Amino acid sequence: LQLAGGAGNFRGYLNISSGELEIVNSLQAGPVGSGTVTMPGGLLKVNTIVLSQDRYNPSYVTISGDAEIQSYYFEVGWPGIGYVTQDGGTITTNELALTNANENSRGEGYYTLNAGTLDAGAVYVGIIKGQFKVTNPTATINITDGFDIRPHGPFTVPANTIIHLKGAKFSC
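Numbering (the numbering used here), first residue to last: 1 to 172.
Be careful, since some hints might not be right.
[Claimed, not checked] Below 30 Å or equal to it, Euclidean Cα-Cα: the simulated DSBU-like pairs (lysine-lysine) are:
#1 K133 <-> K166
#2 K45 <-> K129
#3 K169 <-> K129
[Stated by the list, open to error] DEER-style ranges, computed between Cβ atoms:
#4 G19 <-> T135: 26 to 32 Å
#5 N114 <-> G5: 25 to 31 Å
#6 P154 <-> E22: 31 to 37 Å
#7 G41 <-> N94: 20 to 26 Å
Calculated directly from the structure, the hints in this document are not laboratory data. Note that the structure is predicted; figures quoted are calculated from it, not measured. Ideal Cβ placement from N, Cα and C applies to all residues, glycine included.
Build the full structure now, drawing on both the sequences and the hints.
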């Protein structure tokens, strides 16, 4: 499923407030142009989420309420600019990567966790340029494989925030 595409001025929107949407392969928000996913409720199941491949038109995912996203890969800023804002709900993913691993692409991935739960296998912050910001110490972060913060990836949390690293490596 592609949101936007074809030209830089294209805009694509997906709003899920209840029910379930299962995408067998991938959700590309902003392959060209800007894509926006808004989830105040419901369930999104998808193998891969690629948030923004367009360097000049950012794409967005906002999750709140009791919404849930389940994905194997969640790539933010690949190679464009992507923003994830979590105001509630649960995001479950095997891999959350905030920016592209390709140094030539200059992707930017930003994740703000205001409330809710992030359950991830591995989290990579700032491979090129990315940021992981937690604003609420009651938000839940569970990481099972690895938490890798690179030099170009600030990770900020308020005092008293608990990060559960269950068998995961931590590197920065």
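The hints, checked one at a time:
no.: 1; hint: K133 <-> K166; verdict: 20 Å, holds
no.: 2; hint: K45 <-> K129; verdict: 27 Å, holds
no.: 3; hint: K169 <-> K129; verdict: 21 Å, holds
no.: 4; hint: G19 <-> T135: 26 to 32 Å; verdict: 29 Å, holds
no.: 5; hint: N114 <-> G5: 25 to 31 Å; verdict: 30 Å, holds
no.: 6; hint: P154 <-> E22: 31 to 37 Å; verdict: 34 Å, holds
no.: 7; hint: G41 <-> N94: 20 to 26 Å; verdict: 24 Å, holds
When the structure is compared with the earlier hints, no violation turns up for any of them.
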